[in-house]
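Participant: Generate the whole structure from the sequences, applying the supplied hints.
Residues in the sequence shown are numbered consecutively from 1, following my numbering.
Some hints here could point you the wrong way.
[Stated by the list, open to error] Simulated restraints, written as ranges between beta carbons of each label pair:
#	residue 1	residue 2	range
1	Val-163	Tyr-95	16 to 24 Å
2	Thr-144	Thr-89	32 to 40 Å
3	Ser-130	Arg-155	13 to 21 Å
4	Asp-60	Pro-135	30 to 38 Å
5	Thr-176	Asp-60	29 to 37 Å
6	Ser-187	Ser-130	14 to 22 Å
7	Gly-183	Gln-142	16 to 24 Å
8	Thr-176	Thr-144	32 to 40 Å
9	Gly-165	Asn-88	38 to 46 Å
10	Gly-183	Asp-143	17 to 25 Å
Think of the hints as simulated: they come from the structure by calculation, not from any bench.
Positions of the beta carbon are idealized from the N, C-alpha and C atoms, including for glycine.
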Amino acid sequence: VAISINNAGLLSGNYYDTVVLATASAVNPTIKIPVTLTVRSWASFTVSGSSDLRGVHIIDDQIALAVGFIGNTSGHTGVILKTIDAGNTWQTKKYLNNTSLGGIDFIDASHGWAVGDSGAILYTSNGGESWKQIPAATLPIQDTVALWRVNFSDRAHGWIIGVKGTVLRTVDSGKTWTIQPTGTLYSL
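Facilitator: Quick look at the structure:
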């Protein structure tokens, strides 16, 4: 779930097909653990061509990006989608063969990160119009590690979490990443 500053929001999930729920009006969500989410003024629509959206980030009232994959377990392609009209239409901005993308975060309207399976870490400096993948050889993890979420607190400091207790940290805007010990082999 991603809620913007003015409480307009997007919710992604799947059940046989991917459905993205959007609202342009203020939302007062009530979340009951484990599964009930109650909101007002939501409308639903399907993002064409996507089988599973895993993460969404709202830039402003009109612009949002989502990550996930197209396909199935025998063959899939990671995808980054972008809307500039409050979710009415979505454009595909990046494809990654045999990789599911799971997390996305932006520190401002231009600079963002996306992560996924096979140690995939991607970066944009132009609001998601184009993406560059960090070379796997420069990362302190095996390229088989699934990375699930990314979060930056400012332009320099960021964290990524994934399977087998994986936590990566950067203090230089993603130029280098270091492993942070967690003491667990469980997925985070």
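Participant: If a hint holds in the structure, say so; if it does not, say that too.
Facilitator: Each hint tested on the structure:
{"no.": "1", "hint": "Val-163 x Tyr-95: 16 to 24 Å", "verdict": "23 Å, holds"}
{"no.": "2", "hint": "Thr-144 x Thr-89: 32 to 40 Å", "verdict": "35 Å, holds"}
{"no.": "3", "hint": "Ser-130 x Arg-155: 13 to 21 Å", "verdict": "18 Å, holds"}
{"no.": "4", "hint": "Asp-60 x Pro-135: 30 to 38 Å", "verdict": "32 Å, holds"}
{"no.": "5", "hint": "Thr-176 x Asp-60: 29 to 37 Å", "verdict": "31 Å, holds"}
{"no.": "6", "hint": "Ser-187 x Ser-130: 14 to 22 Å", "verdict": "30 Å, violated"}
{"no.": "7", "hint": "Gly-183 x Gln-142: 16 to 24 Å", "verdict": "19 Å, holds"}
{"no.": "8", "hint": "Thr-176 x Thr-144: 32 to 40 Å", "verdict": "21 Å, violated"}
{"no.": "9", "hint": "Gly-165 x Asn-88: 38 to 46 Å", "verdict": "40 Å, holds"}
{"no.": "10", "hint": "Gly-183 x Asp-143: 17 to 25 Å", "verdict": "23 Å, holds"}
Violation of the numbered hints given earlier is confined to hints 6, 8; the remaining hints are satisfied by the structure.
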